[in-house]
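Peer 1: Sequence:
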Amino acid sequence: MTWFIVALFLVMLLGDVPPLSFIDGAFLKHLGIPAAITWFMSQKTFDNKRPLGFLRSVITYFTAQKITFSGRPVKPVKAHALDHITHVRRFNQ
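Residue numbering for the sequence shown follows numbering that gives the first Met the number 0, beginning at 0 and increasing consecutively.
No wet-lab data here; the hints were simulated from the structure. Please read all numbers here as calculations on a predicted model, not as lab measurements. A virtual CB, placed ideally from N, CA and C, is assigned to each residue, including glycine. Be careful, since some hints might not be right.
Here are the simulated SDA-like cross-link-like pairs (lysine to any residue), alpha carbons at most 20 Å apart as the crow flies [what the hints assert, rightly or not]:
no. : residue 1 : residue 2
1   : Lys65     : Lys77
2   : Lys28     : Pro18
3   : Lys65     : Pro75
4   : Lys65     : Leu54
5   : Lys65     : Val76
6   : Lys48     : Trp2
7   : Lys28     : Phe8
8   : Lys28     : Val16
9   : Lys48     : Tyr60
Just the calculated beta-carbon pair ranges, DEER-fashion [as the list claims (entries may be wrong)]:
no. : residue 1 : residue 2 : range
10  : Thr59     : Phe39     : 16 to 24 Å
11  : Ser69     : Ala34     : 44 to 52 Å
12  : Met0      : Ser69     : 40 to 48 Å
13  : Phe39     : Lys77     : 46 to 54 Å
14  : Leu9      : Gln42     : 15 to 23 Å
15  : Phe68     : Met11     : 41 to 49 Å
16  : Phe21     : Phe61     : 26 to 34 Å
Throw the hints in and build the complete structure from the sequences for me.
Peer 2: See the structure below:
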């Protein structure tokens, strides 16, 4: 029931946005789309999690800092170019 109410609210809120504004029938727009979303979300499990837990983990992944070590952020260290070192390649004959 919660998925239906959330989907109906989103359809009503985003009804003037182009993908939803092309649908003329109010029955399909306000009943069919939320019912389809509700059915889909009740049938699926994502990574053996409920859809809300999966959505929470996806949002956490995209908002979290990516470069960490033991849960603490890592400050990048400037790498100094070693221009004075010459690399010589030797071919054996």
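Peer 1: For each hint given before, does the structure comply? Return the numbers of the non-compliant ones in rising order.
Peer 2: none
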